[in-house]
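Participant: Taking the hints into account, I'd like the entire structure generated from these sequences.
Next come the chains, spelled out residue by residue.
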Amino acid sequence: MFKNLFYISKEEAYLICDKSQYCDATLWEKIKLNFRYIWCRATRNYVKRNRKLTKAIKTSKLECLEYAERKLIEERLNDQLKNQM
Amino acid sequence: MQDHQLNPKKWIDLYSDYLFNYTITRVNDREISKDLVQDTFFAGLKSMKNYKGEASERTWLISILKRKIIDHYRKINSKKGKAEVRMTYISDDQEGDWLEERVEDESYLNAQENLENSELGNAIYECISKLSDKQATVFKMKTILGYETETICNELDITASNLWVIIHRARLQLAECLEKNWFK
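Protein chains in written order, with numbering that gives the first Met the number 0: chain A, 0 to 84; chain B, 0 to 183.
Hints listed in this document are in silico derivations from the structure and should not be mistaken for laboratory results.
It is possible that part of the hints are untrue.
[Unchecked claim] Below, in silico cross-link-like pairs of lysine-lysine (DSS-like), each with a Cα-Cα straight-line distance of 25 Å or less:
id, chain 1, residue 1, chain 2, residue 2
1, A, Lys54, B, Lys133
2, A, Lys57, B, Lys183
3, B, Lys129, A, Lys47
4, B, Lys183, A, Lys60
5, A, Lys51, B, Lys183
6, B, Lys51, B, Lys74
[As the list claims (entries may be wrong)] Quick list of the computed label-pair ranges, beta carbon to beta carbon:
id, chain 1, residue 1, chain 2, residue 2, range
7, B, Asn109, A, Leu71, 26 to 36 Å
8, B, Tyr72, A, Lys9, 22 to 32 Å
9, B, Ala159, A, Lys51, 22 to 32 Å
10, A, Lys60, B, Ser46, 28 to 38 Å
11, A, Leu71, B, Ala159, 25 to 35 Å
12, A, Lys51, B, Lys45, 35 to 45 Å
13, B, Lys51, A, Glu74, 21 to 31 Å
14, A, Lys29, B, Lys51, 21 to 31 Å
15, B, Asn27, A, Lys9, 40 to 50 Å
[What the hints assert, rightly or not] Chain A is nowhere near these chain B residues, computed Cβ spacing over 10 Å in every case:
id, residue
16, Asp2
17, Asp16
18, Lys67
19, Arg73
20, Arg170
Virtual Cβ for every residue (Gly too), placed ideally from N, Cα, C.
Facilitator: Here you go:
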């Protein structure tokens, strides 16, 4: 009963870990992830690797174009391409 | 013999964010960066016939962008119409403390840190360029732009569970790529 309440599969644990990198995991999900984290080496490795990636992304202060900005430049470039042909 | 070829139809997908990140770390202004990236693509189109194929497409575009950035700074300086001379003294009474002047100052340390961050950023973009278009778009929207899950799902017409599967695969590939190219 107790085990069933807290048990999640490895895949579910990975999903919750991904979500928690974006603060999208609920408290209950985090508790279940921590429960698996205690006894599952694969989960521990995944969490460690995932945190490392998140830290690298934050440190690099990456910037990118907004979706709409990108589309606008794409349209303009396509127009230029058509004119050139 | 040409080792590389140009494919302008793929420029936006492959290089727009990389060039934008490269520019914004150098000019520190989002609007100007956007314009410079766009100008770079237009200039690239115009000078396609000059491309010899010796450098990769990205290296070639970066070399155009570098000239655009230099031109941008030249324009700013000519607007000012005067050269700026910077004194290193913090206050008058510190003038002549020549020994202290030789100690590494904070701005130098920050510059070094910025350079390292910028290199890490380039390494991450290198890895992002190896993802599929969909994975890269979803990953950038969620991770770099910080969009809400719902917004991305509406924009790209995908379900939330689909989004998390895409994010999971993208993160796996990125972690693996960075381990090979950066963390080693």
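Participant: Hints first: check each against the structure and report whether it holds.
Facilitator: Hints, verified against the model:
{"no.": "1", "hint": "Lys54(A) with Lys133(B)", "verdict": "23 Å, holds"}
{"no.": "2", "hint": "Lys57(A) with Lys183(B)", "verdict": "19 Å, holds"}
{"no.": "3", "hint": "Lys129(B) with Lys47(A)", "verdict": "23 Å, holds"}
{"no.": "4", "hint": "Lys183(B) with Lys60(A)", "verdict": "21 Å, holds"}
{"no.": "5", "hint": "Lys51(A) with Lys183(B)", "verdict": "13 Å, holds"}
{"no.": "6", "hint": "Lys51(B) with Lys74(B)", "verdict": "30 Å, violated"}
{"no.": "7", "hint": "Asn109(B) with Leu71(A): 26 to 36 Å", "verdict": "33 Å, holds"}
{"no.": "8", "hint": "Tyr72(B) with Lys9(A): 22 to 32 Å", "verdict": "52 Å, violated"}
{"no.": "9", "hint": "Ala159(B) with Lys51(A): 22 to 32 Å", "verdict": "25 Å, holds"}
{"no.": "10", "hint": "Lys60(A) with Ser46(B): 28 to 38 Å", "verdict": "32 Å, holds"}
{"no.": "11", "hint": "Leu71(A) with Ala159(B): 25 to 35 Å", "verdict": "27 Å, holds"}
{"no.": "12", "hint": "Lys51(A) with Lys45(B): 35 to 45 Å", "verdict": "43 Å, holds"}
{"no.": "13", "hint": "Lys51(B) with Glu74(A): 21 to 31 Å", "verdict": "29 Å, holds"}
{"no.": "14", "hint": "Lys29(A) with Lys51(B): 21 to 31 Å", "verdict": "55 Å, violated"}
{"no.": "15", "hint": "Asn27(B) with Lys9(A): 40 to 50 Å", "verdict": "43 Å, holds"}
{"no.": "16", "hint": "Asp2", "verdict": "23 Å, holds"}
{"no.": "17", "hint": "Asp16", "verdict": "4 Å, violated"}
{"no.": "18", "hint": "Lys67", "verdict": "14 Å, holds"}
{"no.": "19", "hint": "Arg73", "verdict": "24 Å, holds"}
{"no.": "20", "hint": "Arg170", "verdict": "6 Å, violated"}
Hints 6, 8, 14, 17 and 20 from the list above are not met by this structure, while the remaining hints are.
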